[in-house]
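S.K.: Protein chains in written order, with my numbering: chain A, 1 to 337; chain B, 1 to 414.
By construction, these hints were calculated from the structure, which means they are not laboratory data. Certain hints may be false.
Chain B side only, calculated, beta carbon under 10 Å to chain A, not exhaustive [said to hold, decoys possible]:
no.: 1; residue: P256
no.: 2; residue: L260
no.: 3; residue: I390
Computed footprint of chain B on chain A, listed as stretches where at least three residues anywhere in the stretch have a Cβ under 8 Å from a Cβ of chain B [to be verified]:
no.: 4; stretch: 146-154
no.: 5; stretch: 198-210
Bear in mind the structure is a predicted one, so any value in this text is a computation, not a measurement. C-beta atoms are modelled at their ideal positions from N, C-alpha and C, and glycine is treated no differently.
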Amino acid sequence: MTSYIIRRLLLMVPTLLGMTFMLFAIVRFAPGLREAGQANAVQGMMQSKQAQKQEQLLVAERLHLVDKNGHPISLPMQYVLWLKSTCEGHLGTSLEYPEPVLKLIEQRLPVTLTINLISMIVIYLVAVPGGLLAALYRDRLFDRGYGFISLALYSLPAIWVGSSLLGFFANPEFFNWFPAAGLHSTNTESMDFFQYIGDYFYHITLPIVCSTYAGFAFLSKQVRGSILENLGQDYIRTARAKGVKGSTVMVRHVFRNSLLTLITLTGMSLPGLLGGSVIVEQIFSINGMGRLAYTATLARDLPVIQTVALIGSVLTLLSYLAVDICYAMADPRVSYA
Amino acid sequence: MPETLSPAARTPESTVPPQTFWSRVRSRVFRPWMVKFCAGYIALVCLIAIFVPFLATGKPYTCIIPAHHGVPMRREFPLFRDLTSVSWVLLVVAAALAAQTGYGILTRRLPPDLRRRRRRIWLAMVTVAAVIASVLIVTLHHNQLDATNYRSLAAHGEITHAVFAPIPWGYAAMEPLGKNLINKLPSQRHWLGTDGDGRDVLSRLLWSTRVAMGIGFISQFIALAIGVMVGAMTGYFSGIVDILFMRLVEIVESIPSFFLILTFVAIYGRHIFYIMVILGVTGWTGYARLLRAEFLHLRQLDYVTAAEAAGLPLWRVLFRHILPNGVTPVLVSASFGLAGAVTIESSLSYLGVGVRPPTPSWGEMLNAAGNPATVFHWWQALGPGMMLFITVLAFNIVGESFRDTLDPRNVNAG
Numbered sequence: 001m002t003s004y005i006i007r008r009l010l011l012m013v014p015t016l017l018g019m020t021f022m023l024f025a026i027v028r029f030a031p032g033l034r035e036a037g038q039a040n041a042v043q044g045m046m047q048s049k050q051a052q053k054q055e056q057l058l059v060a061e062r063l064h065l066v067d068k069n070g071h072p073i074s075l076p077m078q079y080v081l082w083l084k085s086t087c088e089g090h091l092g093t094s095l096e097y098p099e100p101v102l103k104l105i106e107q108r109l110p111v112t113l114t115i116n117l118i119s120m121i122v123i124y125l126v127a128v129p130g131g132l133l134a135a136l137y138r139d140r141l142f143d144r145g146y147g148f149i150s151l152a153l154y155s156l157p158a159i160w161v162g163s164s165l166l167g168f169f170a171n172p173e174f175f176n177w178f179p180a181a182g183l184h185s186t187n188t189e190s191m192d193f194f195q196y197i198g199d200y201f202y203h204i205t206l207p208i209v210c211s212t213y214a215g216f217a218f219l220s221k222q223v224r225g226s227i228l229e230n231l232g233q234d235y236i237r238t239a240r241a242k243g244v245k246g247s248t249v250m251v252r253h254v255f256r257n258s259l260l261t262l263i264t265l266t267g268m269s270l271p272g273l274l275g276g277s278v279i280v281e282q283i284f285s286i287n288g289m290g291r292l293a294y295t296a297t298l299a300r301d302l303p304v305i306q307t308v309a310l311i312g313s314v315l316t317l318l319s320y321l322a323v324d325i326c327y328a329m330a331d332p333r334v335s336y337a
Numbered sequence: 001m002p003e004t005l006s007p008a009a010r011t012p013e014s015t016v017p018p019q020t021f022w023s024r025v026r027s028r029v030f031r032p033w034m035v036k037f038c039a040g041y042i043a044l045v046c047l048i049a050i051f052v053p054f055l056a057t058g059k060p061y062t063c064i065i066p067a068h069h070g071v072p073m074r075r076e077f078p079l080f081r082d083l084t085s086v087s088w089v090l091l092v093v094a095a096a097l098a099a100q101t102g103y104g105i106l107t108r109r110l111p112p113d114l115r116r117r118r119r120r121i122w123l124a125m126v127t128v129a130a131v132i133a134s135v136l137i138v139t140l141h142h143n144q145l146d147a148t149n150y151r152s153l154a155a156h157g158e159i160t161h162a163v164f165a166p167i168p169w170g171y172a173a174m175e176p177l178g179k180n181l182i183n184k185l186p187s188q189r190h191w192l193g194t195d196g197d198g199r200d201v202l203s204r205l206l207w208s209t210r211v212a213m214g215i216g217f218i219s220q221f222i223a224l225a226i227g228v229m230v231g232a233m234t235g236y237f238s239g240i241v242d243i244l245f246m247r248l249v250e251i252v253e254s255i256p257s258f259f260l261i262l263t264f265v266a267i268y269g270r271h272i273f274y275i276m277v278i279l280g281v282t283g284w285t286g287y288a289r290l291l292r293a294e295f296l297h298l299r300q301l302d303y304v305t306a307a308e309a310a311g312l313p314l315w316r317v318l319f320r321h322i323l324p325n326g327v328t329p330v331l332v333s334a335s336f337g338l339a340g341a342v343t344i345e346s347s348l349s350y351l352g353v354g355v356r357p358p359t360p361s362w363g364e365m366l367n368a369a370g371n372p373a374t375v376f377h378w379w380q381a382l383g384p385g386m387m388l389f390i391t392v393l394a395f396n397i398v399g400e401s402f403r404d405t406l407d408p409r410n411v412n413a414g
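All chains should be modelled from the sequences, with the hints used to inform the complete structure.
M.R.: Here it is in structure tokens:
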């Protein structure tokens, strides 16, 4: 087991290096990088030519394009310098906002995280029982109907659902039931705790609907498949043959074995919790991670782009590793000798 | 279940020609009416994408310009003169497909071996002809910008006997500003209403099929090509090649894909070919993984050893002997990949980083339906939303049916 973990960690090193190199290359070979210093156009107009040049040099130095004396640095050296400062925890300063990237992420992360956690709970509450029932009533009306409805929900484009929800339910012309944007009312200071929570849920209802409905299909399909697979196993027949109660067989033997699939799926979805949906956050004007990444790409805010992608990628790799280790610990049949 | 069949049950089978794997899969996949309907819908959308210049355009098929100022009367074909080179190439592709299908129907009574050989020769000829025709069109054809408003000419009697398309509006044709025909509900004149620029929603809806299908099919073709190459390599050669390429797969998979695509498009530009390539370059890892698993299993089989021992070149062993036996799960997931590519394209267009206007796309139309918080033009959102939904659902249903058929756990279900 230990040797397996060590081997996996060693294999991760070249992956991490390659990934950082790719992120570096995507951003460095982008046309128009040299003009990145002029990102703040209004400020640029107010300054003299001299000050503009100074600003540009400063940005170039921050991006490791030039050294302290203004001499250009070669590409491989740029990569090494960037990697070094990243490993030291200096993730750079945003070109768009006068703040360090980490601070921006610190502000946005809780927003995305709460919304995603709530949607994930909703998805699990619907999809796991749904998949279970679909497996029990295999090929019957419930199975067919549930399968079709969840597939149809999965196929519904989020941009249509989102804009229609907003257009019909947050619009004085039709039903003005929900707020159109943001996460809080303006008068949050005067509310007590429960009012505050209520106000929060009132604001996030539409975004939650929009980010949950597509998730049912995949999860319940997997749960259904793994339960069906377990139902066909020999040990289930043995348990039934020795006279174990039907409900006990289902709970102890079938469902507990199917939980292994759930471990994998949950682990795989963990990095997505931090990612945030660009579409949902953009439609409902929520200042989360997705919107941060989106505005950064439009403004060519390179440090933000690099950091957000870097964090996402590292978390993905780590969670894959964590899934494999959890799986090996939870299932004694799996051996990685 | 008894393995031996009674003689009575065996006899009728022996007279039936042996079914190939593919024909058996095909007949089972398309058995439910729902799947038939979805496949028909996809075919219809593809047909619309090819023939939309004849369905929705302001140019008449033909018209007569009466004699004036001594110039004699003459007949003109504005629609055909106005076809772009993309339209012509698509027509060539459609003709090639029709020729191949037609030849298959014509030769259906021939013995299977002979038929297969003849169809292969015919396919080669058709492909060569289509490629030559396409190259000629792309090099020789100049797209003309014909800004003449034939509808008003016909109304004023300056052209006669004009035959217009069923939807006489081009995707970029705007209603004149003064007429108050902007953001109008569906009417006799515009069957699905007009958008904020006074353009016909139905016409734009139909033209959008080009962008959706084009990006969907071509991006997945690129992804399949990369995925098949990498998957075949890593599965066949284990060791250093496998380790290296699997790291590459992990790298591409670990970077959040929608974000990567967004970055690519924002940095490198919004041209439709870039979007196809970017969706292809970021979408191949799943195919590579699937194919690698198949190759790992298949390369140990005896027939592969036999092919190697016979001294066949490597590419022949890989792509003629192993690939056809392992490609099925990849094709199944390509159906889901197509649905995904259509969704991603519409999302990009919705965010304003998709294809350039005035080229219509369902995502861009949804975005143009208005800033929903203040004014929401529901008739502009309904059409593209429905089209997007049904298209994605159709691909998913066909893919699902394929997967259920090929799933070894379901063998006794069919």
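S.K.: With reference to the structure, classify each hint as holding or not holding.
M.R.: Here is how each hint holds up against the structure:
Residue-level restraint check for P256 of chain B holds (minimum Cβ-Cβ distance to chain A is 4 Å; threshold 10 Å). The closest approach between the C-beta of L260 of chain B and any C-beta of chain A is roughly 7 Å, which is under the 10 Å cut-off, so the hint is satisfied. Checking I390 of chain B against chain A: minimum C-beta separation of about 8 Å stays under 10 Å; hint holds. Only residues whose beta carbon comes within less than 8 Å of a beta carbon in chain B count, and the stretch 146-154 of chain A has 3; three or more means the coverage holds.
With 0 residues bearing a CB less than 8 Å from a CB of chain B, the stretch 198-210 of chain A misses the requirement of three and the coverage assertion fails.
When held up to the earlier numbered hints, the structure conflicts with hint 5 and nothing else.
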